[in-house]
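As you go down the protein sequences, you meet chains P and G in turn. Quick note: the first sequence, position 292, residue 292 per this note's numbering, numbers continuous. Quick note: the second sequence, position 3, residue 3 per this note's numbering, numbers continuous.
Treat the hints as calculated values from the structure; they're not laboratory data. Keep in mind that a hint or two might mislead.
One copy or two, either will do: identical chains are not told apart, so a pair holds if it fits within one copy or between any two.
Unchecked claim - Taking lysine-lysine and the DSS-like style, the derived pairs with C-alpha atoms no more than 27 angstroms apart in a straight line are: (1) K348 with K294; (2) K379 with K448; (3) K462 with K126; (4) K389 with K49; (5) K236 with K92; (6) K118 with K89; (7) K307 with K348; (8) K363 with K59; (9) K363 with K298; (10) K92 with K415; (11) K348 with K298; (12) K307 with K389; (13) K363 with K230; (14) K322 with K250; (15) K294 with K307.
The residues making up each chain are set out below.
Protein chains: 2
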Amino acid sequence: MMSNSNNFNRRKFLKSSAMVGALLGVGNVNALSPDAIQQTVANISTPRKSQNKSVIGLKVAPIEQVRVAFIGVGNRGTGHVKLVEALGKKAKIIAISDIRDKYAQNSIDYLKSKGVKKVAKYSATKDSWKEMLQRDDIDLVIISTPWENHVEMSVYAMQQGKHVALEVPAAFTVEDCWKLVDTAEATQRNCMMLENVCYGDEELAILQMVDQGIFGTLTHGEAAYIHDLKELMFSKTGYYNQWRLRHHIKYDGNLYPTHGLGPVAQYMGIARGDRFGHLVSMSSLEANLTEYAKTVEKDNEFYQQDKFAHGDMNSTLIQTAKGRSILLQHDVATYRPYSRINAIAGTKGYHEGYPSRLSFAGKGHGWLTAEEHQEYFTKYKHPIWDSLKDEIAKNGGHGGMDFVMMYRLVDCLNKGLPLDMDVYDGADWSVITPLSQISIQMGNTPVKFPDFTRGRWQEERKLGIMQTL
Amino acid sequence: MMSNSNNFNRRKFLKSSAMVGALLGVGNVNALSPDAIQQTVANISTPRKSQNKSVIGLKVAPIEQVRVAFIGVGNRGTGHVKLVEALGKKAKIIAISDIRDKYAQNSIDYLKSKGVKKVAKYSATKDSWKEMLQRDDIDLVIISTPWENHVEMSVYAMQQGKHVALEVPAAFTVEDCWKLVDTAEATQRNCMMLENVCYGDEELAILQMVDQGIFGTLTHGEAAYIHDLKELMFSKTGYYNQWRLRHHIKYDGNLYPTHGLGPVAQYMGIARGDRFGHLVSMSSLEANLTEYAKTVEKDNEFYQQDKFAHGDMNSTLIQTAKGRSILLQHDVATYRPYSRINAIAGTKGYHEGYPSRLSFAGKGHGWLTAEEHQEYFTKYKHPIWDSLKDEIAKNGGHGGMDFVMMYRLVDCLNKGLPLDMDVYDGADWSVITPLSQISIQMGNTPVKFPDFTRGRWQEERKLGIMQTL
Chain P
1 MMSNSNNFNR
11 RKFLKSSAMV
21 GALLGVGNVN
31 ALSPDAIQQT
41 VANISTPRKS
51 QNKSVIGLKV
61 APIEQVRVAF
71 IGVGNRGTGH
81 VKLVEALGKK
91 AKIIAISDIR
101 DKYAQNSIDY
111 LKSKGVKKVA
121 KYSATKDSWK
131 EMLQRDDIDL
141 VIISTPWENH
151 VEMSVYAMQQ
161 GKHVALEVPA
171 AFTVEDCWKL
181 VDTAEATQRN
191 CMMLENVCYG
201 DEELAILQMV
211 DQGIFGTLTH
221 GEAAYIHDLK
231 ELMFSKTGYY
241 NQWRLRHHIK
251 YDGNLYPTHG
261 LGPVAQYMGI
271 ARGDRFGHLV
281 SMSSLEANLT
291 EYAKTVEKDN
301 EFYQQDKFAH
311 GDMNSTLIQT
321 AKGRSILLQH
331 DVATYRPYSR
341 INAIAGTKGY
351 HEGYPSRLSF
361 AGKGHGWLTA
371 EEHQEYFTKY
381 KHPIWDSLKD
391 EIAKNGGHGG
401 MDFVMMYRLV
411 DCLNKGLPLD
421 MDVYDGADWS
431 VITPLSQISI
441 QMGNTPVKFP
451 DFTRGRWQEE
461 RKLGIMQTL
Chain G
1 MMSNSNNFNR
11 RKFLKSSAMV
21 GALLGVGNVN
31 ALSPDAIQQT
41 VANISTPRKS
51 QNKSVIGLKV
61 APIEQVRVAF
71 IGVGNRGTGH
81 VKLVEALGKK
91 AKIIAISDIR
101 DKYAQNSIDY
111 LKSKGVKKVA
121 KYSATKDSWK
131 EMLQRDDIDL
141 VIISTPWENH
151 VEMSVYAMQQ
161 GKHVALEVPA
171 AFTVEDCWKL
181 VDTAEATQRN
191 CMMLENVCYG
201 DEELAILQMV
211 DQGIFGTLTH
221 GEAAYIHDLK
231 ELMFSKTGYY
241 NQWRLRHHIK
251 YDGNLYPTHG
261 LGPVAQYMGI
271 ARGDRFGHLV
281 SMSSLEANLT
291 EYAKTVEKDN
301 EFYQQDKFAH
311 GDMNSTLIQT
321 AKGRSILLQH
331 DVATYRPYSR
341 INAIAGTKGY
351 HEGYPSRLSF
361 AGKGHGWLTA
371 EEHQEYFTKY
381 KHPIWDSLKD
391 EIAKNGGHGG
401 MDFVMMYRLV
411 DCLNKGLPLD
421 MDVYDGADWS
431 VITPLSQISI
441 QMGNTPVKFP
451 DFTRGRWQEE
461 RKLGIMQTL
């Protein structure tokens with residue numbers, strides 16, 4: 001009588017053993033026994049030593065004008081070009097690379113229209129970006145390519161002595177997360193994942209509230225990326241070569257964890273006094289993409305596709321070393337309005353987003369009124385949102401968070417300050433993807449996190465943006 | 001470097017092995033090895049045979065006027081007395097038992113004021129309820145006592161030939177869930193858990209929408225009991241002998257799963273074509289009750305208590321045989337406004353409560369407007385909420401759901417129809433408590449559900465309330 005659910009699990013397990021191997025970087029594990037896979041999983045959490053110095057708090061000499069190059073100027077990179085241009089003399093755009101000449105040219109034309117000339121273009125071949133990175137007049141490379149290119153490009157850039165800012169997620173295998181960490185340490189270069197949501201007005205205000213103790217002892221947080229992307233993923237002119245949809249064919253788990261998780265990790269001081277200990281992950285069945293695939297054009301490669309590995313809703317529970325819990329969700333397939341949840345609970349209060357609501361001890365059992373809510377968000381507004389008010393209004397980017405992020409990145413390099421987010425943050429937040437996949441493939445078992453900081457997460461440290469402006 | 005989170009887990013495991021034994025009903029397992037515990041856990045899901053007939057679809061002869069007795073007329077039972085009285089000639093109140101004479105007398109006085117006389121009182125001793133159940137003029141017993149008394153009283157009542165309606169949760173150990181099922185089958189009596197939320201206006205409308213396919217293929221649901229009960233639990237005059245707070249000292253996990261879960265289980269047809277397959281559960285650290293305990297009166301037994309086993313937020317993920325996922329939360333300690341979440345996702349639409357919101361395919365990427373939302377809830381309003389409109393307005397009970405529940409319970413007995421919810425529903429929804437506890441004690445590992453229906457969950461059946469009125 002248990003056969004149905006047993007079959008469901010065994011099917012999940014059998015079809016996925018090859019995937020476990022890929023995720024762990026152990027080659028072909030089709031032949032591995034469940035015990036061997038368990039052993040390999042155990043290795044994830046084995047501490048790794050390094051010959052090199054940690055890049056926690058990495059300071060490099062001030063760079064009066066940061067010389068910037070871009071790889072990938074499609075949906076996302078185009079916006080970054082505009083933001084860097086808007087920073088004026090703080091940065092200088094040197095070169096742009098894209099596998100599609102037209103896109104590279106569009107950005108160069110845009111810059112010309114703004115009076116920025118002599119920007120070099122690298123789009124002749126698939127490897128033109130490498131040629132660009134061999135130049136010696138670039139300080140910072142901004143990478144906005146499909147997920148599968150992030151690590152190769154970031155590693156190569158650091159090896160060429162460049163600082164790296166790369167799009168989310170940084171990586172989607174455990175080994176690739178380590179590669180970023182190891183390379184940053186070996187080269188002593190910055191490798192910051194561009195988690196823009198950490199610079200949101202709401203998120204920075206909550207971070208201020210947490211910092212000033214008004215939520216009390218933190219116990220639980222919730223985060224998500226709930227965004228109906230069906231139309232964009234199936235579109236032949238959306239993501240380059242429909243790359244994002246291909247991930248849904250291959251992988252289950254949380255494919256895109258960082259937008260929701262980044263801010264909650266910062267509220268909790270992950271890698272700065274606490275750390276992710278282990279997670280368990282569960283996906284629902286897949287149904288939405290299969291139904292949608294019946295409705296697209298017949299010449300679409302994914303017309304009538306019904307072999308999606310990725311369940312519609314992925315829910316992951318994370319326990320931190322301090323015993324806090326985090327619920328993290330991923331759903332880009334359901335007709336459900338956008339949400340990152342953005343919830344944080346403590347012993348004195350609670351916040352939940354979509355829409356933003358607050359409740360506090362001694363303020364009744366309901367939500368604060370709109371007026372009281374406004375008072376809190378005015379009082380705890382992060383000063384950078386005031387000081388950059390005019391530029392934010394002019395340049396925006398997801399309501400302004402993109403501009404604030406780019407400003408902080410370049411400003412810290414200008415001033416020789418450590419960046420707000422380091423390679424350990426990028427690895428911690430991105431490694432959810434392979435760990436959630438493994439948890440599901442093992443039948444929703446707990447999987448421990450690697451400790452990318454090699455023990456230094458135990459140091460209570462303030463975020464850069466909470467110290468300096 | 002992993003030591004902190006390892007210690008956290010090992011601490012959880014060590015302090016809890018005795019508890020695992022208690023939950024599984026295997027006596028003292030202090031001496032059991034982890035392997036032995038794993039084995040015991042495996043036994044949970046071993047199919048059990050019965051010599052007796054299933055009570056699925058149980059019909060008994062129509063009872064023109066249902067003769068009712070009550071055990072427990074405190075916070076909750078008092079309301080049930082009023083509702084049964086309000087049913088007029090459909091039912092007749094025979095007797096009332098409470099361990100506190102004053103409470104029994106209060107209900108009897110209330111009934112007298114309504115012209116209901118000759119109601120017998122059983123409050124002389126701790127076992128007076130047994131004496132009451134030996135009467136031969138009682139058809140139905142309504143049990144609203146502390147959780148720890150539910151099973152003993154229900155089993156004894158069925159053995160005396162009475163039908164049972166008991167408060168939530170039905171039971172909180174695996175063995176006790178089986179006891180209810182086995183006794184119902186052996187005696188062929190009804191044993192309905194009084195999950196009032198299943199009769200809510202919003203919940204029944206969504207059930208109608210699901211039934212008519214407007215959510216499409218269901219993939220994921222969310223449910224919760226988020227209700228700040230600190231004040232009531234610590235109060236010396238709230239729960240009898242502060243019984244509810246004592247559970248927080250002893251047990252971790254989801255202590256009160258059914259209000260949120262019941263409706264979602266009904267949307268998904270649990271035990272009527274689908275079933276809960278397994279769960280994983282995680283609790284946050286405990287902090288809120290400890291902080292609150294510092295603020296209560298010094299002569300309160302729980303003043304400065306800081307040994308609460310129960311984490312503030314419990315999150316449980318359930319996978320069904322059909323591959324659907326359910327997120328279920330429990331938090332009665334945080335300053336967070338009330339919510340049961342009440343979310344259901346399919347391939348055509350999505351609902352989320354608190355406040356109720358709908359989104360549908362082809363209706364844009366946001367929530368329906370208030371006007372559109374109203375149209376749906378008017379169109380799909382369950383007919384019973386129209387037909388009982390006046391009585392609901394008069395008698396209420398959590399906005400009317402209590403009255404509808406009591407009406408249906410008695411009306412089905414009047415007409416000789418199967419009850420809307422049976423002993424298998426009560427067991428399925430309540431067994432979350434011990435399974436979540438075990439999952440946490442084993443380090444957040446998956447735990448399979450027992451199959452209380454002994455295989456009959458595979459039969460697609462409509463709920464009574466969706467067939468007959």
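Here is how each hint holds up against the structure:
| no. | hint | verdict |
| --- | --- | --- |
| 1 | K348 with K294 | between (50 angstroms within a copy, 14 angstroms between copies) |
| 2 | K379 with K448 | neither (39 angstroms within a copy, 49 angstroms between copies) |
| 3 | K462 with K126 | neither (41 angstroms within a copy, 59 angstroms between copies) |
| 4 | K389 with K49 | neither (44 angstroms within a copy, 70 angstroms between copies) |
| 5 | K236 with K92 | neither (34 angstroms within a copy, 69 angstroms between copies) |
| 6 | K118 with K89 | within (15 angstroms within a copy, 92 angstroms between copies) |
| 7 | K307 with K348 | between (47 angstroms within a copy, 20 angstroms between copies) |
| 8 | K363 with K59 | neither (44 angstroms within a copy, 51 angstroms between copies) |
| 9 | K363 with K298 | between (58 angstroms within a copy, 24 angstroms between copies) |
| 10 | K92 with K415 | within (16 angstroms within a copy, 83 angstroms between copies) |
| 11 | K348 with K298 | between (56 angstroms within a copy, 22 angstroms between copies) |
| 12 | K307 with K389 | neither (48 angstroms within a copy, 49 angstroms between copies) |
| 13 | K363 with K230 | between (42 angstroms within a copy, 15 angstroms between copies) |
| 14 | K322 with K250 | between (34 angstroms within a copy, 21 angstroms between copies) |
| 15 | K294 with K307 | within (13 angstroms within a copy, 56 angstroms between copies) |
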